[in-house]
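Respectively, the protein sequence lines represent chains A and B.
For the first sequence, the positions run 0 to 341 when numbering that gives the first Met the number 0 is used.
For the second sequence, the positions run 0 to 447 when numbering that gives the first Met the number 0 is used.
The set of hints was computed from the structure by calculation and includes no laboratory data.
Please read all numbers here as calculations on a predicted model, not as lab measurements.
Be a bit skeptical, because a hint or two may be false.
Stated by the list, open to error - Cβ-Cβ distance ranges computed for the label pairs, FRET-style:
no., chain 1, residue 1, chain 2, residue 2, range
1, B, Val154, A, Pro321, 31 to 41 Å
2, A, Ala221, B, Pro367, 46 to 56 Å
3, A, Ala37, B, Gly322, 52 to 62 Å
Unchecked claim - Looking from chain A toward chain B, a few residues come up when the C-beta cut is under 10 Å (computed):
no., residue
4, Ser20
5, Thr23
6, Thr277
7, Ser278
No residue lacks a Cβ here, since even glycine has one placed at the ideal position from N, Cα and C.
Residues per chain are reported as follows:
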Amino acid sequence: MSANPHILELRTSPHVHGPNSVQTIMSNVMFALLPIAAFAVFLFGISALALICTTTTVCVVTESLVCKLSKKESTLGDYSAAITGLLLALTLPPGMPLWMAAVGSVVSVCVGKALFGGLGQNAFNPVLVGLAFIHAAFPIEVSSWTLPLAEGRFTSFMGTTLTVPFLSPAAFDGITGATPLALQKFEHVTTGLGELFLGTTAGCTGETSDALILLCGAYLIARKFINWRIPASTLGSAFLTSLVFYAADPEKYPSPFFTLFAGGLILGAIFLASDMVTSPVTPLGMWVYGGLIGFLTVIIRLFSGQLEGVMYAILLGNAVSPIIDSLTQPRIFGARRAKAKL
Amino acid sequence: MPAGLLHIAKTFARGIRPPAHKESTRALPIRRLPFAPELVVPLQQHTGSPSVPCVKVGQEVVRGEPIAKANGFMSVPMHAPVTGVVASIELRPTSRGEMQPAIVIHTYMGASQEVLYSAPQDVDAMTPNELVAAVRETGVVGLGGAAFPTHVKLVVPEGRRIDTVLVNGCECEPYLTTDHRVMLECADDIHAGIQIVQKAVGATRAIIATEDNKLDAVKSLNESRKKASTTVISVLKPQYPQGAEKLLIKALLDREVPSGGSPADVGVAVLNVATLAQLGEILPRRQGLIERVITITGPGVEHPGNYMVALGTPLSFALKHAGLKPDAVQVIFGGPMTGHSVADLDIPITKGITGILVLTGAETAKRPTKIYPCIKCGYCIDACPIQLNPSRLGVLAQRGLYEAMESEFYLNDCFECGCCTYVCPSHIPLVQEFRIAKAMNRQRKTAQ
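Just chain A, with the same shape it has in the complex:
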């Protein structure tokens, strides 16, 4: 039987592969962001649409230029640049001058990701690297808010959106509104939970509607594209930390429910903290990491000059996640105890 017409394929097991791929994970995260983006456009009009389009396009173009310059195969197929762009827009104020958002997008992709060696190598969430840059470079513009559902939002841009590149906006709109976090901190006016939950408040482009974000997050968790432990521990820890302060002095400190539903905590917990690359991989590590982020968010909100603490809390969480990973190695089957090694 030596006459063998078959050319045999030789490889080692396993010979079958599961359905998951980087593209399925990333494209699903992107699809889960689209309803949030659509709702943002409904709330804030064409300015939000222009912002989303700008950051996404600039991120994608930057990524492809980086690939060309470094003579590597294009990595646009992994969707990570598009997600970075989308998320960056959702974490900026809707009236952000487009040129500033574009600069932030370039920083996100170049400094946040490419400098580290591309997808999988970055220590910090690229979105937050770009956002932190914008906070440092354009502090006034990034904390100027617009009220939602304004008249004429679908026909004209906000005054700040089309600022000439390299200039600051001449004047801010008359319709500028304070966010629920600012109202609470400076004027002790607490926004109703219903309003917070539905999202008809001032705030970052995509952070306002907690209901929608939770719904999209539930989809991703159900399909295991984000690990449930991270949002659960982040939100749980923020709730508990806030509860401690609220119990001590309900007059001075916001209620734990307000802490959960105001600002960008839910968006951050579901879409930013849970970024696979920059969060721990061990189950225990995820709890520690989320717990740290929730705690820091509340501390920054209550005791610093900043209104919002989610961004810095997650960046700090990113910074320690390799250490958390090393210290939380699981006990392997049949071993007495785990080896924790730095």
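Once you have looked at the hints, place chain B on chain A.
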């Protein structure tokens, strides 16, 4: 069914649930494959030292006659799988990948193929030591794939007591249905085998473990159970790699075999159902292991089925009978999760081969080819049944830090089930890299 004797258990934590693909052969009864004109019996079909031939070239042999003797304790004898003449004793390609000494027998095509070597013995009258010796004489090894000499498992280590015989009928590998059919069709032999093993190790109870996708086999095993029998049949949720003995012990008895240890350390002896069926059938007749059941399946064969095959049958002969399709591109010994592709269709079917899976280009083309960087999703950590950190091991492997993989991340505990590679969304060949790392470490140690 008698209460208390049928028991529904859960499963172990982690692992995966790949598509089972068992529907094409699960309902097909075991059929005997004809005898090939030439059979090749490699002297090492088991874990341990190779057997020593006790026949000469040109000698006529009768089916069932001993043709090789065990060489040391970790070795078993071989028996003639067919009536014929010893044509040569020479190096032949084998499933292990290298040329190995083998006894080549030319079949007498007109012979009746009756097994004449039979001298019944009374199992009930034998002592445990006599039983171990008798098991060794049958040449039976683990038929679930490991091919570990069965008599070695039956010797209880000094200072240990074995209270439970665990009969492994999980068959968690996709495509394979041999254990299923054996449980369904040879239930009496399995119960007889259990009695032999239980007596040899001094165990007070036996548990047959299977998955809830083989309920017809459970029914058959239950019906043929003797009234006095205390054997429990345990039905688990399907999960891969449930058939791995350490995980099965954990799932059923909640005992954890220590890292680097064996089931005997926690008082358990684990044997495959096919092994016990063979023991129960041939040991009372004092015969040798000369055939086994394999599943020949996959989209690349015309007539998938469960076949009784004489050991030493060339793969090409078996595939000719099962109808190899022209577009077949990969032939795998075993299942798709742990089986290995064969390079040569002339190699013989040996004791440790559970099935032949033939894939066509349509399946192999579905495999992902592009490898992405690790995105630290942690899927591999959630899938690893023994809680290794394949993600970190993979990073170390890529940097060539093989020693650290072993000393700090338990590389040697990995039993290569392949779950990590199966779930990896970046398509990193993790378990493949771990095999290379283990081989490099072995090489380094022998060089020292």
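- Query: Which of the numbered hints are not met once you compare them with the structure shown?
  - Reply: 1, 2
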